[in-house]
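Line by line, the protein sequences give chains A and B.
Numbered continuously in the numbering used here, the first sequence closes out at residue 340.
Numbered continuously in the numbering used here, the second sequence closes out at residue 547.
What the hints contain is simulated information worked out from the structure, not anything from laboratory work.
Take these hints with a grain of salt, some might be off.
[Stated by the list, open to error] A short, non-exhaustive set of chain B residues, derived as facing chain A with CB atoms under 10 Å:
1. Y66
2. G70
3. R94
4. K95
5. V96
6. R97
7. A111
8. H116
9. Q121
10. E124
11. A125
12. K128
13. M132
14. R159
Nothing here was measured: the structure is a model prediction, and the numbers come from that model.
Beta carbons are placed, not taken as given, at the ideal position from N, Cα and C, and that holds for glycine.
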Amino acid sequence: MSNPTEIKPAEAPSPSGLRLKARFPLLALIAERLLLSVLLLFAVSVLIFGGVEALPGDFATTYLGQSATPQAVANIRSELGLDRPLVTRYVSWLGGALQGDFGTSWASRNSVSEQVGKRLGNSLFLAGFAAIIAVPLAVGLGMLSVHFRNRMPDKIINVLSLAAISLPEFFIGYLLILYFAVDFGIATFPATVYDGMGLAERIQTIALPTATLVLVVLAHMMRMTRAAILSVMSSAYMETAELKGLSAARAIVKHAAPNALAPIINVVALNLAYLVVGVVVVEVVFVYPGMGQYMVDAVTVRDMPVVQACGLIFAAVYILLNMVADILAIVANPRLRHPR
Amino acid sequence: MPDLSSGLLSVRNLKIEATSYPPGEAPKRITIVDGVSFDLEKGKVLGLIGESGAGKSTIGLSALAYGRGGAEITGGEVNLNGTNILSLDRGGIRKVRGARVCYVAQSAAAAFNPAHKLGDQVIEASVKHGLMTKDEARKRALYLFGVLGLPNPETFGNRFPHQVSGGQLQRAMTAMALCSNPELIVFDEPTTALDVTTQIDVLAAIKHAIEATHTAALYITHDLAVVAQISDDIMVLRYGKTIEYGPVQQIIEAPTQEYTRALVNVRQAIREEAPDQSQALLKVENVSAQYSNGFKVLHDVSLHLCKGQTLAIVGESGSGKSTLARVITGLLPPSDGRITFEGKPLTPALKNRSRDELRRIQLIYQMADTAMNPRQTVRDIIGRPLTFYDGLRGAAKTARVKELLEQIEMGTGFVNRYPAELSGGQKQRVAIARALAARPELILCDEPTSALDPLVAEGILKLLARLQEEQQLSYVFITHDIAIVRAIADSVAVMHRGRLVRFGPKSQALSPPFDDYTDLLLKSVPEMKLGWLEQVLTTRRMESAGN
């Protein structure tokens with residue numbers, strides 16, 4: 001007899017919205033995630049704006065340097081609208097951001113959205129290219145280490161990937177530069193791309209930053225893949241498949257894969273989010289003209305509109321990919337897809 | 001015993017070994033099954049019975065040439081229609097599995113893939129082995145769902161495993177095994193995880209299906225009363241060896257071996273009912289309880305227990321019997337009603353109770369395993385309440401721990417052992433000693449024997465009865481096993497869906513006239529006699545015809 005210690009309530013009766021939630025738990029959960037993501041993004045925008053406001057230092061004094069007379073500072077401040085109250089500025093900034101307008105850069109007087117658009121493309125190209133290599137490699141290595149479980153190849157894969165994740169990305173970056181660009185001279189540095197570059201040339205240029213990013217995210221995905229497959233392979237329904245006399249291929253494709261996929265997809269999505277955000281450091285190391293580089297430059301000159309725009313976009317990408325991971329995990333659960 | 005040549009399955013001198021890796025020691029070779037031989041004819045059922053570790057599941061799986069968890073078949077023959085399937089290559093074995101021999105697992109809930117519809121899983125083996133087309137297989141599945149008494153056979157296959165009940169899943173698993181028209185089915189404890197009232201339905205469905213399809217079966221269980229209803233022959237196993245093997249009638253009515261006799265006679269009355277049940281020690285008055293989300297789990301329960309006596313609370317899973325224990329301990333304070341102990345009201349919530357109130361009521365759990373810290377020695381486990389309630393330390397504490405170990409018949413040598421070094425029965429004894437260490441007046445026993453083998457459980461029950469006699473202990477004994485109730489209780493409370501449906505001295509509570517639920521419950525408990533299942537089913541049919 002199973003453990004009868006607790007009676008599971010069928011459904012907690014709550015006054016409103018119960019019926020809809022009970023009938024469409026999947027849609028309800030997804031809607032909940034979407035709503036939460038929007039709320040989270042809103043909260044992040046407040047944090048970013050407030051955080052940047054609270055930073056010590058001031059654009060006007062930095063910009064004017066030696067010639068920062070009180071009058072000149074006040075002029076610049078009123079020119080940039082900094083004399084308006086905080087809430088007013090926040091509301092107008094958020095209103096603009098919602099329409100895709102992040103204002104004008106204080107330093108270069110260019111439109112932030114235009115600049116960000118170009119650089120975001122570069123960053124996504126780098127992260128995407130890293131993902132294209134990292135995801136199949138991680139899943140493949142995970143499967144390989146399951147196949148050689150607790151034997152030499154498994155241990156080697158584990159140790160190497162752990163070593164890679166344990167080193168900070170800038171350190172890995174410098175190591176790669178030292179060996180592949182300086183000593184052997186087979187890779188280019190800096191990895192600066194520009195408009196009008198051909199695809200092949202572009203890929204060749206970003207080889208080192210891509211390798212750095214791949215090494216950083218590989219271990220986590222690889223180990224989660226290994227764990228997910230192992231846990232599925234040891235489950236009772238895999239024994240059932242074997243006792244049905246099914247071929248190994250069918251058992252894996254039909255019975256193991258649908259159950260192992262959900263956790264793997266989840267960890268892949270989380271790592272993609274990390275990739276997009278993690279490029280900041282790598283871009284600086286490799287002098288790559290992406291969002292991260294742009295943001296770091298803006299921070300040094302206190303160019304607030306740019307810092308805020310970059311922060312918000314990074315946060316949005318991170319939240320979006322995490323939300324996708326959540327939703328995929330929900331969709332992959334047959335209990336939610338097919339309620340009682 | 002049948003002639004060797006005519007048998008469908010003939011197992012000869014089976015030897016199965018495994019390597020165990022005890023922590024901190026060199027790997028050991030252990031023999032799980034040693035020299036077992038038996039024969040099974042077409043259409044017959046052989047029951048394999050024994051306690052856990054007897055090797056019965058391992059023998060069952062050998063009929064599919066499969067060793068679970070590192071078990072290796074190292075000797076003997078498993079002849080299926082004259083072919084030794086152990087000598088087949090992988091491809092040959094695959095053609096046997098799922099086609100000629102099928103397997104029904106104890107936990108169908110785990111054995112079905114959560115990602116696929118039941119219908120697809122039921123017909124998978126038949127289709128993949130090329131035995132029938134998809135349509136033919138679907139038709140057969142539909143027929144089998146009907147034979148097994150599943151609701152709405154037409155649409156049952158479209159449901160996912162999590163959408164049906166445990167009893168239905170177990171029947172679906174039987175349908176899955178029967179679908180490919182196998183020569184042999186191995187049933188591995190198919191009803192053990194079910195409530196008694198569900199078990200009887202599944203048992204009847206399996207018996208009916210076996211008869212309707214003329215399939216032979218190996219039926220593995222630890223419950224002799226169950227196997228007696230369904231088998232033609234029975235083999236009693238212990239420590240991987242055959243103890244006794246013969247026709248069901250001989251095994252049940254004239255066992256020749258001491259061990260078999262002990263199994264047949266398990267749970268004879270241990271204790272006579274106390275005549276005077278008027279002096280209440282514990283009184284539960286109109287108690288209701290609900291979870292924090294408002295879900296009501298207990299409705300207006302009133303009962304009492306006298307000093308030095310045992311109150312048995314019976315019911316299925318979900319009946320609220322464990323919840324009642326949680327309310328008495330204060331883990332879940334009642335939303336309504338009150339509880340008195342020795343005439344004084346008991347503080348409702350655990351965290352507000354005084355140390356003395358805590359001391360007087362102790363608990364023993366179903367899973368002694370999870371109720372003990374695996375990193376603590378027996379001395380620490382039993383010594384904790386000694387320090388907490390009586391402030392004992394050092395030598396005085398060790399002396400008292402040893403005294404308690406003597407009381408639970410374990411000997412003082414166990415003082416420095418860890419839980420992992422104890423058997424299931426020994427762990428439960430340590431749990432009892434821990435409860436005794438607090439010098440309680442009342443012990444709440446939550447299914448303390450349901451995870452144990454029958455003879456081990458019997459030892460625990462006798463120990464509890466002796467301690468009760470010596471120390472005037474009172475027990476609230478929660479169980480789903482009517483046989484235990486008959487053996488040890490003074491008074492009985494029957495619970496169903498959070499309500500008390502019956503309460504009184506055992507002699508009254510378990511005698512007619514019954515309410516409907518108690519009647520169903522009592523009639524569902526397998527009895528150690530031949531033809532019991534048929535008898536119950538006939539009575540049921542007559543009753544439903546009469547209605």
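Taking the hints in turn, this is what the structure says about them:
At about 6 Å, the closest approach between the beta carbon of B:Y66 and any beta carbon in chain A falls short of 10 Å, and the interface hint on this residue holds. Interface restraint check: B:G70 against chain A, minimum CB-CB distance 12 Å, threshold 10 Å, status violated. Evaluation of the B:R94 hint against chain A yields a held restraint, the C-beta minimum of about 4 Å falling below 10 Å. Evaluation of the B:K95 hint against chain A yields a held restraint, the C-beta minimum of about 6 Å falling below 10 Å.
For the restraint placing B:V96 at the interface with chain A, the shortest Cβ-Cβ distance is roughly 7 Å, inside the 10 Å limit, so the hint holds. Annotation: interface hint on B:R97 holds; nearest CB of chain A at approximately 3 Å, less than 10 Å. At a threshold of 10 Å, the smallest CB-CB gap from B:A111 to chain A is about 5 Å, leaving the interface hint in force. Because the beta carbon of B:H116 sits about 8 Å from the nearest beta carbon in chain A, less than 10 Å, this interface hint is met.
About 8 Å separates the beta-carbon of B:Q121 from the nearest beta-carbon of chain A, less than 10 Å, and the hint is met. With a cut of 10 Å, the hint placing B:E124 at the interface with chain A holds, because the nearest CB-to-CB distance is about 6 Å. Among the interface hints, the one on B:A125 holds; its C-beta lies about 4 Å from the nearest C-beta in chain A, closer than the 10 Å criterion. A cut of 10 Å between beta carbons decides the hint on B:K128: the least distance to chain A is about 6 Å, and the hint holds.
With 10 Å as the threshold, the beta carbon of B:M132 stays out of range of chain A, its nearest partner Cβ sitting at about 14 Å, so the hint is violated. Checking B:R159 against chain A by beta carbon gives a least distance of about 8 Å; that is within 10 Å, so the hint holds.
The structure shown violates the earlier hints numbered 2 and 13.
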